[in-house]
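Let's have the full structure, built from the sequences with the hints guiding it.
Protein chains in written order, with UniProt numbering: chain E, 1 to 720; chain X, 1 to 720.
None of these hints come from the bench; they were simulated from the model.
Since this is a predicted model, take the numbers as computed values, not measurements.
Heads up, some of the hints might be wrong.
Said to hold, decoys possible - With a straight-line cut-off of 25 Å between C-alpha atoms, the simulated PhoX-like cross-links for lysine-lysine are:
{"hint": "1", "chain 1": "E", "residue 1": "LYS525", "chain 2": "E", "residue 2": "LYS426"}
{"hint": "2", "chain 1": "E", "residue 1": "LYS626", "chain 2": "E", "residue 2": "LYS701"}
{"hint": "3", "chain 1": "X", "residue 1": "LYS648", "chain 2": "E", "residue 2": "LYS670"}
{"hint": "4", "chain 1": "E", "residue 1": "LYS426", "chain 2": "E", "residue 2": "LYS608"}
{"hint": "5", "chain 1": "X", "residue 1": "LYS626", "chain 2": "X", "residue 2": "LYS710"}
{"hint": "6", "chain 1": "E", "residue 1": "LYS655", "chain 2": "X", "residue 2": "LYS358"}
{"hint": "7", "chain 1": "X", "residue 1": "LYS358", "chain 2": "X", "residue 2": "LYS123"}
{"hint": "8", "chain 1": "X", "residue 1": "LYS670", "chain 2": "E", "residue 2": "LYS249"}
{"hint": "9", "chain 1": "X", "residue 1": "LYS439", "chain 2": "X", "residue 2": "LYS401"}
{"hint": "10", "chain 1": "E", "residue 1": "LYS670", "chain 2": "E", "residue 2": "LYS358"}
{"hint": "11", "chain 1": "X", "residue 1": "LYS648", "chain 2": "X", "residue 2": "LYS499"}
{"hint": "12", "chain 1": "E", "residue 1": "LYS274", "chain 2": "X", "residue 2": "LYS713"}
{"hint": "13", "chain 1": "X", "residue 1": "LYS358", "chain 2": "X", "residue 2": "LYS603"}
{"hint": "14", "chain 1": "X", "residue 1": "LYS123", "chain 2": "X", "residue 2": "LYS89"}
{"hint": "15", "chain 1": "X", "residue 1": "LYS525", "chain 2": "X", "residue 2": "LYS655"}
{"hint": "16", "chain 1": "X", "residue 1": "LYS39", "chain 2": "X", "residue 2": "LYS73"}
{"hint": "17", "chain 1": "E", "residue 1": "LYS335", "chain 2": "E", "residue 2": "LYS249"}
{"hint": "18", "chain 1": "E", "residue 1": "LYS73", "chain 2": "X", "residue 2": "LYS35"}
{"hint": "19", "chain 1": "E", "residue 1": "LYS123", "chain 2": "E", "residue 2": "LYS89"}
{"hint": "20", "chain 1": "E", "residue 1": "LYS35", "chain 2": "X", "residue 2": "LYS35"}
{"hint": "21", "chain 1": "E", "residue 1": "LYS73", "chain 2": "X", "residue 2": "LYS73"}
{"hint": "22", "chain 1": "E", "residue 1": "LYS39", "chain 2": "E", "residue 2": "LYS335"}
{"hint": "23", "chain 1": "X", "residue 1": "LYS655", "chain 2": "E", "residue 2": "LYS73"}
{"hint": "24", "chain 1": "E", "residue 1": "LYS674", "chain 2": "X", "residue 2": "LYS249"}
{"hint": "25", "chain 1": "X", "residue 1": "LYS274", "chain 2": "E", "residue 2": "LYS713"}
{"hint": "26", "chain 1": "E", "residue 1": "LYS332", "chain 2": "E", "residue 2": "LYS401"}
{"hint": "27", "chain 1": "E", "residue 1": "LYS35", "chain 2": "X", "residue 2": "LYS73"}
{"hint": "28", "chain 1": "E", "residue 1": "LYS65", "chain 2": "X", "residue 2": "LYS655"}
{"hint": "29", "chain 1": "X", "residue 1": "LYS514", "chain 2": "X", "residue 2": "LYS499"}
{"hint": "30", "chain 1": "X", "residue 1": "LYS439", "chain 2": "X", "residue 2": "LYS170"}
{"hint": "31", "chain 1": "E", "residue 1": "LYS608", "chain 2": "E", "residue 2": "LYS514"}
{"hint": "32", "chain 1": "E", "residue 1": "LYS655", "chain 2": "X", "residue 2": "LYS73"}
{"hint": "33", "chain 1": "E", "residue 1": "LYS249", "chain 2": "X", "residue 2": "LYS674"}
To be verified - Partner residues aside, some chain X positions facing chain E, computed with beta carbon under 8 Å:
{"hint": "34", "residue": "HIS199"}
{"hint": "35", "residue": "PRO202"}
{"hint": "36", "residue": "HIS204"}
{"hint": "37", "residue": "TYR319"}
{"hint": "38", "residue": "ARG321"}
{"hint": "39", "residue": "SER469"}
{"hint": "40", "residue": "PRO718"}
Just so it is clear, CB atoms sit at the ideal spot from N, CA and C, and this is done for glycine as well.
2 protein chains.
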Amino acid sequence: MKRPSIILFVLALLCLYSTNVLAKDGYKLWLQYEKIENKELAESYLNSIHQITIPNHSATTDVIKNELSIALKDMLSTFPVFTEDGIKKNNIVIATPESLPWLDEFIGQNQLDGLGQEGFIIKSIQYKNQPITLITGNADAALLYGTFEFLKLLQTHQSIVDLNIVSVPKTKIRILNHWDNLDRTVERGYAGSSIWNWHLLPDHINQQYIDYARANASIGINGTVLTNVNANALVLTAAYIEKAAALAKVFEPYGIKVYLTARFSAPMEIGQLKTSDPLDEEVQKWWNDKATEIYSYIPNFGGFLVKADSEGQPGPHNYGRTQAEGANLLAKALKPHGGIVMWRAFVYSENTPDDRAKQAYNEFKPLDGEFESNVLVQVKNGAIDFQPREPFHPLFGAMPKTPLMMEFQITQEYLGQGTHLVYLSKLYEEVLNTDTYCKGPGSTVVKIIDGSLENHQLSGMAGVSNIGSDRNWTGNHFGQANWYAFGKLAWNPYASSEKIAEDWIAMTFSNDPKFISTTLDIMSKSREAAVNYMTPLGLHHIMGWNHHYGPAPWITDKHRDDWTSTYYHQAGSDGIGFDRTSSGSDALSQYSPYIEKQFSNPKTCPEKYLLWFHHLPWAYRMESGKTLWEELALHYQAGVDQTTTAIKKWSTLEKSIDNERYQHILSFMKIQEKEAKWWRDACLLYFQQFSKLPLPDAVEKPNKTLEDFKNYKPHFAPGI
Amino acid sequence: MKRPSIILFVLALLCLYSTNVLAKDGYKLWLQYEKIENKELAESYLNSIHQITIPNHSATTDVIKNELSIALKDMLSTFPVFTEDGIKKNNIVIATPESLPWLDEFIGQNQLDGLGQEGFIIKSIQYKNQPITLITGNADAALLYGTFEFLKLLQTHQSIVDLNIVSVPKTKIRILNHWDNLDRTVERGYAGSSIWNWHLLPDHINQQYIDYARANASIGINGTVLTNVNANALVLTAAYIEKAAALAKVFEPYGIKVYLTARFSAPMEIGQLKTSDPLDEEVQKWWNDKATEIYSYIPNFGGFLVKADSEGQPGPHNYGRTQAEGANLLAKALKPHGGIVMWRAFVYSENTPDDRAKQAYNEFKPLDGEFESNVLVQVKNGAIDFQPREPFHPLFGAMPKTPLMMEFQITQEYLGQGTHLVYLSKLYEEVLNTDTYCKGPGSTVVKIIDGSLENHQLSGMAGVSNIGSDRNWTGNHFGQANWYAFGKLAWNPYASSEKIAEDWIAMTFSNDPKFISTTLDIMSKSREAAVNYMTPLGLHHIMGWNHHYGPAPWITDKHRDDWTSTYYHQAGSDGIGFDRTSSGSDALSQYSPYIEKQFSNPKTCPEKYLLWFHHLPWAYRMESGKTLWEELALHYQAGVDQTTTAIKKWSTLEKSIDNERYQHILSFMKIQEKEAKWWRDACLLYFQQFSKLPLPDAVEKPNKTLEDFKNYKPHFAPGI
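Here you go:
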């Protein structure tokens, strides 16, 4: 038995080679396709993959073959045999129903109909008494999704016998929003510059575009808005449409459509028109022509995303028109081509004296029913702006006639930006599972988003991308988890964050159970930690001016109140918190009566939202029996402690993965711990001015003064 | 003989694995350490590397061991055995003389003295009748350089028996100038954003910093200026010095020192001073203290690079002081710590009516002998600004008492920017080998640069970096060759560009002789091609406004003449060219009489410089017998033709290398061809307005009008 040992030795060399020498820089994301070292497991997989039959021919099936080749070579050191027919024992068959006349023996028409164009089935069957693994769906994109799901089983070391997986996406539009500018800067981007090299498009197709499409398709994302919502009209000129078309062509085989942001004033800026009034016939014609032009370059163009009448962007307000009139202008232009409009509800005005949290509701609710059928209103998860924790946006449940899309932020503008390990899926899950009570108990946000509550055909979920030119895509390696989880939740918003994280950890790093459980523990607690060391108990919007980096509860007296910190925390000698009850801004009246009642009473309002809705004295007695001041201070301390604990746990994993990613992550976690202390100390010193109370013993004492913190002005903080 | 065949099969799998699946994205630069497939060759190498003995202990010897481990594992699938002593047969010994008491048996003290602190010897010896390969030098950095040279032999499949290599750098300071801003933009950068992530420094050390140091050490670069010459004084504040110190610590084991750019007005901007007058005692004290502060953070700090009194930068002119007084201010502050000042001669003023090409000479020549001993005057290769071709700068040879450093541009600001394949070593070589005649024939530029002509101790060569965050470092894969060649020429400015290119091609892509010869042919002709399609016959500075992208000979009437195109080409109905003879600006009088005489007569002036020095009628008869107009047009056409030919040649190499790099390069070459045509057509149509002559038959006719070209305004061209 000498021969195998020599082979094993060579294989061992190969392993060492791939584990130690090749840098794991994170570029491969969760598609690492790590070699399966467990020989028994690898053999069991190889036994089921004697041959892969794909009768369909398309760019998408080429992508499927390519992905299987990469994955099986890397994981199993095998070169898959592809055929178009001739099904054998232990065959994988990847086909749509029209290519498999015998499919109805195994899967009924009803079930196939239920899959739509994107859902898939993975089923172990006995075809002519031979065991076969079948991956089917009604379109090639569905086959691609099924293939990635199948590969995930291998990546996570699951069994692939007796499979019976049926997976249908719950939302139609699963889309990334890139806040990327044409000069390659990225608003709120913390991972280098934009991956879109507009200057070299359409002539140069970077490999990264292809790998971007692979990664997105692997998690079911089917759309991408290439450009910033703070839009530049130039992207609608022929030269840029041609560039966008080159990307659209790359993405099409992956089932991904390209969308662009439309600047409302484009007819004046790049057309020759004197107005952009949505009710002006010339304006409507301009947009109609523009849509026709775009579709001539990009036949599968997805549509427009629009930020209007918000933070300086032009919009229908400029002409005394409603948001619906604005949205419908574009919707009418796109409708003949099958395009959609995603119209953002993030509309608020510095000239409106009302609570900023109320303005979107006030403006959009009356318009319910007035939007064209190809319009989705895109609503941020909360009414302010992607804070570490916000109550759900009151528009959810308030516009039954209008399909509302969820807008989550994947980039961590307010959650530690480039460096903090914060698993955002916990935030997404919390919002999605919240009951709005809009149609009685069980009217959860997720049922509004997936269209099931009001039986809407259109539905969607948007994630503001955290992707940049950094070698690991997201700067922070754990930023990849947020991209991954967003895609998975967009496909199935009922999924469990923890299960998603488990898969991601295994695919990205290691199947070692200890590694998975430890990392999962760190991730699971990370979002609560960030809330604790940044904005516990319902505090919000107390971060640094403009760049939003670090704590700055002292920001005040700026040109608009609703961009200051003092506007939101209202701290004074009498207490702290924003009164949104009927005695205050009455924002609570925008929620269903059940919620309004529960939240209006500080004793029944969940403490995690307490200071969002209530202004309370420092000595207010919390559930724990401690005072508000004490609880606040202890929450800040708990947040810091959680970052310290996370580092200790991560340090136990040093030998479990490659050194490059281990060290990268460790250095980021140390930055996070340092910045958590910065948040705790700066905020507590600031609030202590008003509470005039000592810090509880359990809280570490600051080693700087409030003035030190106020005087610290970071230069060139990224993301603006 | 079944067993070996199975092993070979597994090895073949491994090869396929590494060749096809692992993306070759260019990140590894010329340190690909490609597996040596020639079994005989591999065995011959393995026979000479039974053991590696390194008695010295330092961070640098750790680096040496690490590099050998990576390289030998990748190239020979072997894990080198390291020892500290116990020299055996077929041993590699890497050691300084003090660690090898018996060294004088083989290498004399004189020879060792001649190595300085950086030179090395690689010598095959018989020690106690055993064949040994010795790598020695007087300091650990020299051992590192020797190790990289030894590895290069393996990478290029050379013999490693009977070695006797002695290599001593000809220049002291071999340095990259990064025009990188603190916000991560890069002036004239075409490869993404800055690799320096100031925001995360000093806490996060990116793997790229280490790989940057490896790459630079492998080509002998021993210094890096981290920041833009258009300087921000903030980099001299404690927070940024601490960040720079973290980089310095990473680079130190690689023999690389960190330098910073010093903004002349820093004492006022970040100090509390009311002046930055170099003769003011308080100012001197401020810089003295600042130097002391910097050295407290960075004990091996290299010194300052300064751009003063140029293009808006503050400088000694603001106080009526000379460039020497300015430079000496900083030199005095650095001298006690061993630091140097690199003071740029790129000084010219919009208020000086004289020919811009003359101003640096006029200002600096009278100051010869007035600079402190730790000052180098850094002079660009030509008197204007890194044009595709310039005559050598008249300061070379004009300041015998002052060490002059060469400043080459590696980034291709004027040579096709991010996309054009232009092997710049040909440009560097042309300048270095030019005879200035300043001390009679043989007074070449290279002898001024290396200090040998005037026996200067200080000497140096600076290269303006083309490195950015792009995955392949330089955007264009062939940009790597320019970085590589710059380092090699800085070490030995007498080296041959073609030999340098051969090594680079083999190390970066393939040792296949056909691949090397074809690629070498493309590279060797590329610079002349660029001159031809951009600025043939001595034309210069006719590129796009501000971004310098593409042709724009029509630029005129800007706020300063010497930033326009018409100022330089002087085209009119009477002819074209800038008269720099005594009848014109008399710039020629700045050169030695021999050159002045030769260049003053258009018949003896090299035609490649003709329009740099002469204004000549369109009908002027050239050496070829053709008119100037015809020659001009034919040169433009020849440039385009060369790009077309290059594509054809490259296309024959499709199967010779990995597809990712092959396609990347091909798409860039197609952009280059398109832009070469743009240059040809725009320039010829523009000049034709004045010549009023038809294009020669051999010249392809433009399919756009001059107005089309003038109206094309590229948006967001990178690099500004």
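Taking the hints in turn, this is what the structure says about them:
For the hint linking E:LYS525 to E:LYS426, the alpha-carbon distance of about 9 Å falls within 25 Å, and the restraint holds. Taken as a hint, the E:LYS626 and E:LYS701 pair is honoured in the structure, with Cα atoms around 19 Å apart against an allowance of 25 Å. Annotation: proposed proximity of X:LYS648 to E:LYS670 is violated, straight-line Cα distance about 53 Å (limit 25 Å). Restraint check: the Cα-Cα separation between E:LYS426 and E:LYS608 comes to about 14 Å, which is no more than 25 Å; the hinted pair holds.
The hinted pair formed by X:LYS626 and X:LYS710 fails the criterion: a straight-line CA distance of about 29 Å is larger than 25 Å. Taken as a hint, the E:LYS655 and X:LYS358 pair is broken in the structure, with Cα atoms around 63 Å apart against an allowance of 25 Å. Distance hint between X:LYS358 and X:LYS123 is unfulfilled; the C-alpha atoms sit about 49 Å from each other, more than 25 Å. In summary, the hint linking X:LYS670 to E:LYS249 is supported, as the alpha carbons are separated by about 19 Å, within the 25 Å threshold.
For the proposed pair X:LYS439 and X:LYS401, the alpha carbon gap of about 13 Å is at most 25 Å, so the pair holds. Using a Cα cut-off of 25 Å, the hinted pair E:LYS670 and E:LYS358 is violated, with the two alpha carbons roughly 38 Å apart. For the given pair, X:LYS648 sits about 23 Å from X:LYS499 by alpha-carbon distance, which is consistent with the 25 Å threshold. A threshold of 25 Å between alpha carbons decides the hint, and for E:LYS274 with X:LYS713 the separation of about 23 Å falls inside it, so the pair holds.
Using a Cα cut-off of 25 Å, the hinted pair X:LYS358 and X:LYS603 holds, with the two alpha carbons roughly 23 Å apart. For the proposed pair X:LYS123 and X:LYS89, the alpha carbon gap of about 15 Å is at most 25 Å, so the pair holds. Taking the CA atoms of X:LYS525 and X:LYS655, the gap is about 23 Å. The hint holds against a cut of 25 Å. Proposed proximity of X:LYS39 and X:LYS73 is supported: the alpha carbons are some 15 Å apart, at most 25 Å.
Simply put, E:LYS335 and E:LYS249 have alpha-carbon atoms about 21 Å apart, close enough for the 25 Å limit, and the pair holds. Under the criterion of a C-alpha separation no larger than 25 Å, the hint pairing E:LYS73 with X:LYS35 is consistent with the structure, at around 19 Å. The straight-line distance between the Cα atoms of E:LYS123 and E:LYS89 is roughly 15 Å, inside the 25 Å bound, and the hint therefore holds. Of the pairs offered as hints, the one joining E:LYS35 and X:LYS35 holds, with about 21 Å between alpha carbons and a cut-off of 25 Å not exceeded.
With a C-alpha separation of about 21 Å, the suggested pairing of E:LYS73 with X:LYS73 holds against the 25 Å cut-off. Between E:LYS39 and E:LYS335 the alpha-carbon distance is near 55 Å, which puts this suggested pair outside the 25 Å criterion. The hinted pair formed by X:LYS655 and E:LYS73 meets the criterion: a straight-line CA distance of about 21 Å does not exceed 25 Å. For the suggested pair E:LYS674 and X:LYS249, the alpha carbons sit about 22 Å apart, so the restraint of at most 25 Å is met.
A distance of roughly 23 Å separates the Cα atoms of X:LYS274 and E:LYS713; the hinted pair therefore holds under the 25 Å criterion. Between the alpha carbons of E:LYS332 and E:LYS401 the distance comes to roughly 18 Å, so the proposed pair stays at or under 25 Å and holds. Our distance criterion of 25 Å between C-alpha atoms is met by E:LYS35 and X:LYS73, whose separation comes to about 19 Å. Restraint check for E:LYS65 and X:LYS655: the C-alpha separation of about 21 Å stays at or below 25 Å, so the hint holds.
Distance restraint check for X:LYS514 and X:LYS499: the Cα-Cα separation of roughly 15 Å lies within the 25 Å cut-off, and the hinted pair is therefore satisfied. For the suggested pair X:LYS439 and X:LYS170, the alpha carbons sit about 20 Å apart, so the restraint of at most 25 Å is met. In summary, the hint linking E:LYS608 to E:LYS514 is not supported, as the alpha carbons are separated by about 32 Å, beyond the 25 Å threshold. At roughly 21 Å between alpha-carbon atoms, E:LYS655 and X:LYS73 fall within 25 Å of each other, so this suggested pair holds.
Distance check on the hinted pair: E:LYS249 and X:LYS674 sit about 22 Å apart at the alpha-carbon level, within 25 Å; holds. About 6 Å separates the beta-carbon of X:HIS199 from the nearest beta-carbon of chain E, less than 8 Å, and the hint is met. About 10 Å separates the beta-carbon of X:PRO202 from the nearest beta-carbon of chain E, more than 8 Å, and the hint is not met. Of the supplied interface hints, the one on X:HIS204 holds, with its beta-carbon coming within about 4 Å of a beta-carbon of chain E, less than 8 Å.
With its C-beta approaching chain E no nearer than about 28 Å, X:TYR319 sits outside the 8 Å limit, and its interface hint is violated. At a threshold of 8 Å, the smallest CB-CB gap from X:ARG321 to chain E is about 30 Å, leaving the interface hint violated. Below 8 Å, beta-carbon pairs count as interface contacts, and X:SER469 has one with chain E at about 5 Å; its hint therefore holds. Restraint check, X:PRO718 versus chain E: the minimum CB separation of about 6 Å is within 8 Å; hint holds.
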